[in-house]
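Assemble chain B onto chain A, guided by the hints.
Residues per chain, in single letters:
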Amino acid sequence: MQVYLPIAELSMNLFFLVGIGGAVGFLSGLFGVGGGFLLTPLLIFSGVPAPVAVASVTGQVVAASTSGALSHYRRGGIDLHLAMYLVLSGVLGAFGGVATFAVLRDAGQLDLFISVGFLVLLGFVGTLMLNEAIRAIIKQRKGVVVRERLPNQHNWMHRLPMRVRFKKSRLYISVLPVLIIGLFIGFVGSLLGIGGGFIMVPALVYLLRVPGNVVIGTSLAQVVAMMAATTILHAVQSQSVDIMLAFCLMVGGTAGAQFGASAGKHLRGEQLRGLLAILVLAVAIRFGLSLILAPADPFSMAVLGGAR
Amino acid sequence: MKWWLALVMALLLGMPAQAERLVSQLSNDNIEITSSFDGERMNFFGTIMPDAGSDQKFVTGPFHVVVVVLGPTQNRVARQKTNNFGVWLNTDQVEFDNFPSYFHVLSSARLRDITDITTLTTEYILPEAHTLVANDAGWWKTAVFGRELVRLMTEQGLFGVNEGGVNFLSDNFYSARLTLPSNAPPGPYIALTYVFKDGQVIARKSEGFAVRKIGFERFLALSAVQQPLLYGLVCVVLALFTGWLGGVLFKR
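For the protein sequence lines, the chains are A and B, in the order given. So in UniProt numbering, spot 68 of the first sequence is number 68, and the numbers just go up one at a time. So in UniProt numbering, spot 114 of the second sequence is number 114, and the numbers just go up one at a time.
Next up, chain A with everything else stripped away, as it sits in the complex (with noise of 0.2 Å):
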């Protein structure tokens, strides 16, 4: 069954969409992640022009997590003030993607930035985490208990200026580096249209040493309302948000959103975060190789002035 999608001015298979959006809506439920980083590659390819995937996926994004946010958020497993925080530096920071990225497009280098920023930013983060999932699950195997953070164990972070309490997630730290993490991920999210969750989670976890049962809620939680001010910004500015597509692909993440974070709880942290961290380097190198391998067709075209 085909459907007209207005913004874009193509028609696409319904099932083809919301099953695309089913897919990573599982994936996002299985890790608190919005999941964006694979939605809008797998969008451009299917022939949606790059802006409006961009910008639809941002829509999709908020729809995944809020019901993954809201069921942490019933169990308790959100630190809203530290949410609150990272909130407001993540919208400042997407008012400076969100110019950046028309810049960028108009200059016709918008696909190597993505390509670049993907293979550096998930490259990074991928490594990481594999590398401390790996480690973790081989202490686990070879008996070693694995200690829970330490409450009085601190890095140079923790003694900078500006400390403010986080009570959930029983922090006492400088609030600068939770506003640069926000900064940071509300300009690289809306210019790559990902919510952000894969850098938000390890940043939480390694930076911040926030406790593992409200990182999750706390990025998910952040992700919805970074995501929402970056749909209204990508509605204003480029007006290549897509309501249709985004509603299907709505309609698949929340259901799979559901399903996948029952079969997380299947699983431990640590399988958790090396399943994320190999998918995250599969994605990097996907666009590593982009950049390397000569392209089938080394020609492109683009329509100028506006989104569409």
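None of these hints come from the bench; they were simulated from the model. Heads up, a few of these hints could be off.
Derived Cβ-Cβ restraints for the label pairs, each shown as a range [stated by the list, open to error]:
1) A:G96 to B:F85: 54 to 64 Å
2) B:T60 to A:G19: 34 to 44 Å
3) A:A99 to B:T47: 54 to 64 Å
4) A:N13 to B:S206: 32 to 42 Å
5) A:I138 to B:F216: 55 to 65 Å
6) A:I138 to B:F85: 47 to 57 Å
7) B:F85 to A:R268: 19 to 29 Å
8) B:P188 to A:G47: 22 to 32 Å
9) B:K205 to A:I285: 53 to 63 Å
10) A:I180 to B:D29: 55 to 65 Å
11) A:R170 to B:I214: 56 to 66 Å
12) A:S262 to B:V237: 23 to 33 Å
13) A:G47 to B:T34: 17 to 27 Å
14) B:F85 to A:R135: 49 to 59 Å
Since this is a predicted model, take the numbers as computed values, not measurements. Don't be surprised by glycine CBs; every beta carbon is placed ideally from N, CA and C.
Structure of chain B alone, referenced to chain A:
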């Protein structure tokens, strides 16, 4: 006296021995894009008749008919990736202003059998003709990038040449069929019909039709442009609601 003679000669030579006109019709002059829009089939038909006021009773062929369908113009850019120290980058680009977003040619025979390349180019019947316009990039780059742009557009189904797309049902009555793809850009379209005889254009006609979004699709597309803030807010509310509903429905 010389100029007078020349004028008479020109009139005598320039006047066709016979005059034909084309009476043609489109099957639909308004193509409506609805939620289930999956392309649209169009028919072009017409008949070649003696010109009004001439003494001729009938027309003599053989005729060839070429139908050119042109979509709204856009400014397009063609880009080329090159290998720079092992990394493939977009390094070169050529802009084509007012380039047709849709261009299909239907003809009753092979174009090169109908007429010569000069006529095809000057009448803009060949897709490449649209790239052969003055461009800041210089003629060589324009030609190279133009050819690639036409190829890319053809791969998207937006450009095409269908030699044999026009069928003559009798000596002077033809019909042609065109399927507009689902990615046909909305806007004003022009269908130009040329009648050829012995390699010369003897009659031509242009008809316009529109591809328009209607109903809900039109409402959405208009709101996205006219009320972007409200549109964005509605998107977010819809997303939050869908997410919440999904959580409620699948709650376990």
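We went through each hint and held it up to the structure:
no.	hint	in the structure
1	A:G96 to B:F85: 54 to 64 Å	violated, 30 Å
2	B:T60 to A:G19: 34 to 44 Å	violated, 59 Å
3	A:A99 to B:T47: 54 to 64 Å	holds, 58 Å
4	A:N13 to B:S206: 32 to 42 Å	holds, 36 Å
5	A:I138 to B:F216: 55 to 65 Å	holds, 57 Å
6	A:I138 to B:F85: 47 to 57 Å	violated, 39 Å
7	B:F85 to A:R268: 19 to 29 Å	violated, 43 Å
8	B:P188 to A:G47: 22 to 32 Å	holds, 25 Å
9	B:K205 to A:I285: 53 to 63 Å	holds, 57 Å
10	A:I180 to B:D29: 55 to 65 Å	holds, 59 Å
11	A:R170 to B:I214: 56 to 66 Å	holds, 58 Å
12	A:S262 to B:V237: 23 to 33 Å	holds, 27 Å
13	A:G47 to B:T34: 17 to 27 Å	holds, 20 Å
14	B:F85 to A:R135: 49 to 59 Å	violated, 35 Å
In this structure, the hints that do not hold are numbers 1, 2, 6, 7, 14, in rising order.
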